[in-house]
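2 protein chains.
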Amino acid sequence: MTPIKLPSREVFSLNGKDNTVATPLPWYLFVQLYMEEYAADIDSISKAQTRIKPYIHVTPVLTSDTLNTVAGKSLFFKCECFQKGGAFKFRGASNAIFSLHHQQAAKGVVTHSSGNHAAALALAAKLRGIPAYIVIPKNAPKCKVENVRRYGGQIIWSEANMQSREETANKVLHETGAVLVHPYNDGRIISGQGTLSLEFLDQVPQLDTLIVPISGGGLISGVVIGAKSINPAIRVLAAEPKGADDAAQSKASGRIITLAQTNTIADGLRASLGDLTWPIVRDLVDGIITVDDKEIVDAMKFCYEILKVAIEPSGAIGLAAVLSEAFKQNSAWKDSLNIGIVLSGGNVDLGALWESLNT
Amino acid sequence: MTPIKLPSREVFSLNGKDNTVATPLPWYLFVQLYMEEYAADIDSISKAQTRIKPYIHVTPVLTSDTLNTVAGKSLFFKCECFQKGGAFKFRGASNAIFSLHHQQAAKGVVTHSSGNHAAALALAAKLRGIPAYIVIPKNAPKCKVENVRRYGGQIIWSEANMQSREETANKVLHETGAVLVHPYNDGRIISGQGTLSLEFLDQVPQLDTLIVPISGGGLISGVVIGAKSINPAIRVLAAEPKGADDAAQSKASGRIITLAQTNTIADGLRASLGDLTWPIVRDLVDGIITVDDKEIVDAMKFCYEILKVAIEPSGAIGLAAVLSEAFKQNSAWKDSLNIGIVLSGGNVDLGALWESLNT
Numbered sequence: 038m039t040p041i042k043l044p045s046r047e048v049f050s051l052n053g054k055d056n057t058v059a060t061p062l063p064w065y066l067f068v069q070l071y072m073e074e075y076a077a078d079i080d081s082i083s084k085a086q087t088r089i090k091p092y093i094h095v096t097p098v099l100t101s102d103t104l105n106t107v108a109g110k111s112l113f114f115k116c117e118c119f120q121k122g123g124a125f126k127f128r129g130a131s132n133a134i135f136s137l138h139h140q141q142a143a144k145g146v147v148t149h150s151s152g153n154h155a156a157a158l159a160l161a162a163k164l165r166g167i168p169a170y171i172v173i174p175k176n177a178p179k180c181k182v183e184n185v186r187r188y189g190g191q192i193i194w195s196e197a198n199m200q201s202r203e204e205t206a207n208k209v210l211h212e213t214g215a216v217l218v219h220p221y222n223d224g225r226i227i228s229g230q231g232t233l234s235l236e237f238l239d240q241v242p243q244l245d246t247l248i249v250p251i252s253g254g255g256l257i258s259g260v261v262i263g264a265k266s267i268n269p270a271i272r273v274l275a276a277e278p279k280g281a282d283d284a285a286q287s288k289a290s291g292r293i294i295t296l297a298q299t300n301t302i303a304d305g306l307r308a309s310l311g312d313l314t315w316p317i318v319r320d321l322v323d324g325i326i327t328v329d330d331k332e333i334v335d336a337m338k339f340c341y342e343i344l345k346v347a348i349e350p351s352g353a354i355g356l357a358a359v360l361s362e363a364f365k366q367n368s369a370w371k372d373s374l375n376i377g378i379v380l381s382g383g384n385v386d387l388g389a390l391w392e393s394l395n396t
Numbered sequence: 038m039t040p041i042k043l044p045s046r047e048v049f050s051l052n053g054k055d056n057t058v059a060t061p062l063p064w065y066l067f068v069q070l071y072m073e074e075y076a077a078d079i080d081s082i083s084k085a086q087t088r089i090k091p092y093i094h095v096t097p098v099l100t101s102d103t104l105n106t107v108a109g110k111s112l113f114f115k116c117e118c119f120q121k122g123g124a125f126k127f128r129g130a131s132n133a134i135f136s137l138h139h140q141q142a143a144k145g146v147v148t149h150s151s152g153n154h155a156a157a158l159a160l161a162a163k164l165r166g167i168p169a170y171i172v173i174p175k176n177a178p179k180c181k182v183e184n185v186r187r188y189g190g191q192i193i194w195s196e197a198n199m200q201s202r203e204e205t206a207n208k209v210l211h212e213t214g215a216v217l218v219h220p221y222n223d224g225r226i227i228s229g230q231g232t233l234s235l236e237f238l239d240q241v242p243q244l245d246t247l248i249v250p251i252s253g254g255g256l257i258s259g260v261v262i263g264a265k266s267i268n269p270a271i272r273v274l275a276a277e278p279k280g281a282d283d284a285a286q287s288k289a290s291g292r293i294i295t296l297a298q299t300n301t302i303a304d305g306l307r308a309s310l311g312d313l314t315w316p317i318v319r320d321l322v323d324g325i326i327t328v329d330d331k332e333i334v335d336a337m338k339f340c341y342e343i344l345k346v347a348i349e350p351s352g353a354i355g356l357a358a359v360l361s362e363a364f365k366q367n368s369a370w371k372d373s374l375n376i377g378i379v380l381s382g383g384n385v386d387l388g389a390l391w392e393s394l395n396t
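Chains as they are written, first to last, in the working numbering: chain A, 38 to 396; chain B, 38 to 396.
Honestly, the hints are just simulated from the structure, not real lab data. You can take every hint at face value.
Copies of one chain are not kept apart here, so a pair can be met inside one copy or by any two copies together.
With a straight-line Cα cutoff of 27 Å, these simulated DSSO-like cross-link-like pairs (lysine-lysine) come out: (1) K371 with K331; (2) K338 with K163; (3) K163 with K110; (4) K179 with K338; (5) K175 with K338; (6) K179 with K331; (7) K371 with K279; (8) K90 with K110.
Given the sequences, and given the hints that come with them, work out the whole structure.
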């Protein structure tokens, strides 16, 4: 076998001294080394892509001349609401489930989540033929509970507070020996979500900017590592509700801030950063755009009426961000021209719409 | 130049007589000849495809394991609600506009339509830089009027009856010298809509059945000619509201039936067949499935909640048809396994949804 050749060293003289310096590492090696301190890297994301390929949808990218005119930019919408389970969450969940060893897997998985992660985990577990125990607070949206049930998840109810949720999950873990799969603070989840960026940049190579919703940070962590590994110059911005702006506050203060309470229509964006996602968000995400609920609802309206895509409030926040004054007025981002927006999920109760149709 | 060689004639004897018979024509020539009596053929559809390619979206095809389980079939959803203008109508409209001679085009186009054709024609005219005069009845849905306005159409109001619409359109024709582009009873329109089937069968070659909404018959006429030219064995079924079942009645009685009044939530499916679409529907469409408004609303619900696609009632009728007892109980259609469903449009007023989000 040929031994691996390290970068050669060159000797030259500037000032009579013998200046021996290392040749700079190629950028991709730099990126790879740089990222090894994080819970995911381009290698784990590429492996995730291969692992989950048989199970996921390659989601389409939509464009709209009307919205390009409104934004004054070329916008590309990555429709993860069309992903299995109705949200990007299935990428991470299926990566976590299918990377479990056989013996681990047999005992099943458990999570405490009221949202899209729960349904995604139930679906991935069903595909592998293992049990999924889903701890759900009693006040969870009906459609998200129905999704878990549809995919065969075993629902265990808890009270609507974090203490009860965690205690109930621990009880299930103890009784079943199942593996806990956290919704975002988990390298397997981050790597799975990162596959979105490889797929998106393959579909639209000219993207110079990505705008990604941020909550616990699992999606944007995977996306920023994947995207900057392919194109180090790409700008990755987070979109966050003003009523749950813990990530913006954390970036501003240089440490994880958690909020005593949140207040936003975007029920999928109320979580706080974890110790695995925070360093990635801190170091690699180029900025955070916060928007209020009115901006989110206006963006939802555009999604339904112009794009014809049925999304949940959290899913519309990327469009809200690109249309916000906060984005338009930031001179550092003027050169963002080809902007990829992740429409992250579409699970929303539409009761009111159907009532109006039935009258 | 080599002269074109006609099919050779063979001579053989079975019963002592000299039986001179023509060699059978190859099937594609048969199909081509057979179809020449209609307002469109595979040649006009192929030319339309080349003509409109720079302007249209290639719309994605979505699948859902959940809906496959509900239907007991493999369903493929052609999302024409993502077409420019929010409906398949832009295919026909852009074919009509871009096939006009320069001098004709300069005077503009006119149509009397309250629906998706009006917006599509306005948009296509805008792209060619010519005026579009759109006669709209005063009771037209707000979102459809807004679409026409967004695309720069010149709106001329009429009363909400056909006589006033036609009189107003004639007045505009007389004053401007513009060309009338009928929503469906026009070979250019039928050929343009037919491009959908070439695209769909290219994306999903294994389709054995197509289910297409029927109203005036422009879409299904183009689709059935295109699809059967590629695969003569393919089954093409129409989906029609029970409250506007003129096509089903026409097929049953062998002549065009028009209804004194219609009653359905599917506002895009209230038109009657024209003299150009009727012969195609009569001869080539394999059957018509009628569904009631409750079935349409249930299908809409599936589209929003499972597919995450925002459609109008007319757009959901193909899914309603495949889930109906009328389809399931028809033993002649048991062998339909890979079914293509056209989600034809997505222009719907969502006021009630936004009100509920804003409370």
